[in-house]
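**Student:** Now for the letters of each chain:
Protein chains: 2
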Amino acid sequence: MQSMDDLFYALLQDVYFAEKELLKILPKLAQRSSNETLKLAFRDHEDETSEQVGRLEQVLEIIGREARGKTSDTMVAIIAEAQRMMDEIDDAAVRDAGIIAAAQAAEHYEIARYATLLGWAEHLGEDEIVELLVETLEEKRHADDLMSSIAEGGVNASASERPEAAAEA
Amino acid sequence: MQSMDDLFYALLQDVYFAEKELLKILPKLAQRSSNETLKLAFRDHEDETSEQVGRLEQVLEIIGREARGKTSDTMVAIIAEAQRMMDEIDDAAVRDAGIIAAAQAAEHYEIARYATLLGWAEHLGEDEIVELLVETLEEKRHADDLMSSIAEGGVNASASERPEAAAEA
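Those protein sequence lines, which keep their order, are chains A and B. The first sequence: position 112 = 125 (our numbering), numbered continuously. The second sequence: position 152 = 165 (our numbering), numbered continuously.
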């Protein structure tokens with residue numbers, strides 16, 4: 014990995030893997046969410062993520078490299094956290110809050126990666142790639158904002174209730 | 014982990030661990046950076062990160078919990094990536110670009126965590142904690158912006174040069 018082209022490809026492989034992992038876990042996140050708005054958001058996000066994978070494949074085609082992901086240990090760790098939140102929290106509202114936390118860690122990881130790739134594409138003079146990455150980056154930021162507003166719009170309030178009766182469960 | 018209080022503490026432990034790992038790697042990042050502005054930014058960031066660790070300890074004291082981190086596999090993976098960037102890229106300008114990419118992944122992870130904690134603290138009605146978290150979150154966002162501007166301000170341009178002579182090195 015000695016040139017910007019190599020680094021660019023390595024990061025594309027990382028985020029390609031990350032998106033595909035996200036795509037696999039989204040149906041589970043939807044299923045385990047109790048808040049209806051959250052459930053719906055994860056379902057909608059599946060289509061969006063598929064399109065983002067498609068855009069990455071376009072980018073890889075433009076640079077003439079194989080569309081093959083490379084394990085991102087960071088994304089693996091975030092997905093494992095999401096799985097723990099789903100498995101280990103019994104209270105539905107608290108579990109929703111935990112699921113949102115993990116989902117936002119995933120979104121932010123991808124925001125960081127796409128922002129870096131975008132900066133590099135600009136300096137490599139790859140205008141077509143810039144356009145594709147800008148589109149995805151905006152969607153990622155919007156997805157993160159949406160998670161925040163769902164948390165603020167009810168999940169956090171429900172999860173923060175401290176029912177006297179259920180406290181010792 | 015069945016209440017919002019438990020989840021809040023678990024995430025605090027995660028980010029406490031993450032900050033301390035970041036603190037350990039910052040001197041290495043500074044040392045391995047060739048761009049002088051980048052080197053300086055990592056050095057400055059060390060003091061800031063120490064203060065952020067201090068703020069987390071204040072938060073933990075307020076909620077009456079022990080200041081003990083808990084391994085964040087996500088942060089471990091990001092640090093490992095940073096280490097690979099430092100070790101495996103010979104070209105100084107490309108290495109700087111790789112180091113910035115890893116540093117921004119770390120910043121974004123922490124931005125996600127602090128944003129989540131902040132939302133929860135608001136709903137738990139913990140005003141003093143909110144104040145501490147807001148301060149850190151703003152610094153993290155600023156640190157991320159600074160990395161972007163250093164990348165745009167020279168690192169990416171240097172790294173994207175494709176010298177004919179050195180191409181086959």
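Keep in mind the hints are simulated off the structure, nothing from the lab. Some clues are possibly wrong.
You can't tell identical chains apart in this list, so a pair holds if it fits in one copy or across any two.
Straight-line alpha carbon distances no greater than 30 Å define the calculated DSBU-like cross-link-like pairs of lysine-lysine that follow [stated by the list, open to error]:
hint: 1; residue 1: K83; residue 2: K33
hint: 2; residue 1: K52; residue 2: K37
hint: 3; residue 1: K83; residue 2: K41
hint: 4; residue 1: K52; residue 2: K33
**Student:** With reference to the structure, classify each hint as holding or not holding.
**Tutor:** Results of checking the hints against the structure:
1. K83 to K33: both (11 Å within a copy, 28 Å between copies)
2. K52 to K37: within (15 Å within a copy, 39 Å between copies)
3. K83 to K41: Classified as both: same-chain Cα gap 23 Å, cross-chain 26 Å, threshold 30 Å.
4. K52 to K33: Answer is within; shortest intra-copy Cα gap is 19 Å, inter-copy 35 Å.
Violation of the numbered hints given earlier is absent; every hint is satisfied by the structure.
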